[in-house]
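This is what each chain is made of:
Protein chains: 2
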Amino acid sequence: MKFVIIGGDAAGMSAASRAKRNNPDLNVTVLEKTHDVSYSACGMPYNIADPDRPIDDLVVRQATVFREKQGINLLTGHSVESINLENQSVSGTKDNHQEFTVSYDKLLIATGASPIFPDLPGFELPGVFGLKTLEEGRFIKEYLEKHQVAKVVIVGMGYIALEMSEALRARNIEVEMVKPRPELLPWMDNQLAEIVKLELEKNGVKLHLGHGITKIVSQPGSDGLNSKLSVISSGLVLEADMVITAIGVKPNSDFAGQSGLELGLNKAITVERNMLTSNKNVYAAGDCADAYHVVTGKKTYVPLALRANRAGWAVADNISGKKIELPGIVGTSVFKVFDLEVARTGLNVKDSIANGFDAAEVYVKTRSRAHAHPGSTPIHLHMVADRKSGRLLGAQMVGREGVAHRINAVAVALHSQMTVEQFVQCDLAYAPPFSPVWDPLLTTANQLLKNVQ
Amino acid sequence: MKFVIIGGDAAGMSAASRAKRNNPDLNVTVLEKTHDVSYSACGMPYNIADPDRPIDDLVVRQATVFREKQGINLLTGHSVESINLENQSVSGTKDNHQEFTVSYDKLLIATGASPIFPDLPGFELPGVFGLKTLEEGRFIKEYLEKHQVAKVVIVGMGYIALEMSEALRARNIEVEMVKPRPELLPWMDNQLAEIVKLELEKNGVKLHLGHGITKIVSQPGSDGLNSKLSVISSGLVLEADMVITAIGVKPNSDFAGQSGLELGLNKAITVERNMLTSNKNVYAAGDCADAYHVVTGKKTYVPLALRANRAGWAVADNISGKKIELPGIVGTSVFKVFDLEVARTGLNVKDSIANGFDAAEVYVKTRSRAHAHPGSTPIHLHMVADRKSGRLLGAQMVGREGVAHRINAVAVALHSQMTVEQFVQCDLAYAPPFSPVWDPLLTTANQLLKNVQ
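The listed protein sequences correspond, in order, to chains A and B.
Note that our numbering has the first sequence beginning at 1, numbered continuously upward.
Note that our numbering has the second sequence beginning at 1, numbered continuously upward.
It should be emphasised that the hints constitute simulated quantities derived from the structure, not laboratory data.
Any given hint might turn out to be false.
Note that the list lumps identical chains together, so a pair holds whenever it fits in one copy or between two copies.
Computed cross-link-like contacts, DSS-like style, restricted to lysine-lysine with a CA-CA straight-line distance of at most 27 Å [stated by the list, open to error]:
| id | residue 1 | residue 2 |
| --- | --- | --- |
| 1 | K336 | K365 |
| 2 | K450 | K322 |
| 3 | K106 | K450 |
| 4 | K336 | K141 |
| 5 | K388 | K323 |
Use the sequences and the hints to build the structure in full.
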């Protein structure tokens, strides 16, 4: 059997490696557009923060290891442009402009996602960057080295944008952020988002909310060498030496859709719980594919690394004759904003209502350590439940410690379809350096219970 | 109705406060032996570590608040000595040697636990301390101030003993620890216990395992003032200026047992899921009572603060006419040993086998942060599951970060009776500063799954 994989990042290489582990005789071919495989994309802001660390530190496994140690036919510089579902083949162009066609018995599309570039003038200018592939990370880092970058404007305020603001401030670069919508983090409870906002401002990041961007223009710098960029938005002109766009990503599903495969939410490739697309010989996994949301039972699009790896494994196992079905995701994520940990899982109030739940919510400010224990800092929590069923639906947290890993307890509760009443009875860990006797999650759930009953 | 509570610590005062909140007209009397109520007992080692912090910092709520603001009839210095179940009354002696008798409609026994003192010569000597009540904490702190304590011997190596070793080292006091059994933490996987051992030794704590203690003797110090203590054990004599005994606690259930109430495991007072004892008008809660273990469905004795608070609330709610049943505990705990976080939940291999499970186990060493992220440190995990049902049974963790709160995800999984197969599918949080893509819990569960299937 010939197993062909389009895309050599998280989902693709996880699938390739596991397929070979499952069955060393399997013919596994990976077609990767770039020359980078298996790297920590999420680590890029942290690498960019440090001029002394080479970007290739982020490579987890070299291409040669996949080829020589694992026996994977890894073809880099191979850009797939079309799939022929009837003939079971994929075609495209190599780096050297030669065309290629590869036939498959089973195909995995793991093409990932790309940063969304606004269709506006100037976003193609030198000095304007997105950040998704290692190549883009490399370009940003090289640009920072070769140019005198004193100030960067970041368009967008999602988690990559926020991580980049921290990375650039660590290099002592002035950072301004601009976005059209008036909310910093629209999915987040206002009271929690306000804490994040204060942290950004405290660290010298200037936020410009509610400014619709119209274009970017370039003009030669006073030194005649480094050109200056101007981000023009409604009522605001921001000068910059560099612009980073981080307004979200879109699934790389163009040729999948053109081949006739079904696309769904956000034009992500529609997959079943076994990762099969609408064609019985074609799987999709990672940021190009959708997923089931465990809380709603409906489809969702949340492009994150863990799901990509897990889905890659599931495809490999299914190719190998196992019957693996992934229950889905609950939308857990965490990120760092300077000294803050910001985490979420499940649904917020808006999504809860949109999905037909009778949403009850609670906001609680508590503390990270026990009464009278030194070093305690505030933790802010927001939690949502369904009045009808009593089910816990989601949680959000912001704090200086004890947030990133604490959210996982709620994630597991969501996977178990726990009610708030069941959750408040959970035997969570307590010691004075790590939490109050009643863990912040329990304190919040205790309050929420009153609103549910 | 007259609600009488024996004991004014976690369980007792939680019950009293909640009973008054539920029903402000209720007649609530608390009989407390000491003059301290509502303090953070678990915070004592951390308070003792700092000579500049008064021990009364640990008091969460003053007695006057309970009396004046909450209308609780709080009687301190009232030592209960007997219960008359037939007459529904309790009797005892006050500080001033006067006897008292109080009648009740509903009674809560919340007498807590006391440190076990070995029945050996010398444990009654001045300079030999246990640590459970605030009074004992105060005595230790006063002794440290008034005497030149250069070296302390700690008898026992449970979590209070380990926390005390850290507290004393923080005051630059030499610490030696001694115990009869050869294992540092008998409930813990060897490989994890070894990491804890190295951390103690690295911080200058000398460990003497496998030495059965025979007695403590006292002799005048060379200055004729400060007497020196010698802890005599098999093949070893340890000199000390102070001795702390921390070999575990026993429930304060003597007069409860004498009154005819049923005692169970460890002589803890037997309670049902609604906290009722074998008498329909008498409840017990906190460290004097037993609990159901959610994983085994059997009785267990784990005296910890969260359960005490929760059980106190449950009693108050049941007194007020609600029907509250606590599902039980899963044995979650966490403690700090210098720079290490040590956590557990559920069953270890030995307990799993003793409870009839077909135990599969796995040990995994992984890391606290993503590939190439700076500051990553090792995390050591041990996980147990049942081969027959596939159920997750327990986990243990040791590491420098990301342990204390991470254990809660497993605790919730145990409450949900999750299988390992279900647990590995949980959507846990990932960001490079906080974990690898596959959370250490998932990496370990993925390995465990191979041993279960």
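Enumerated hints in conflict with the structure, sorted upward: none
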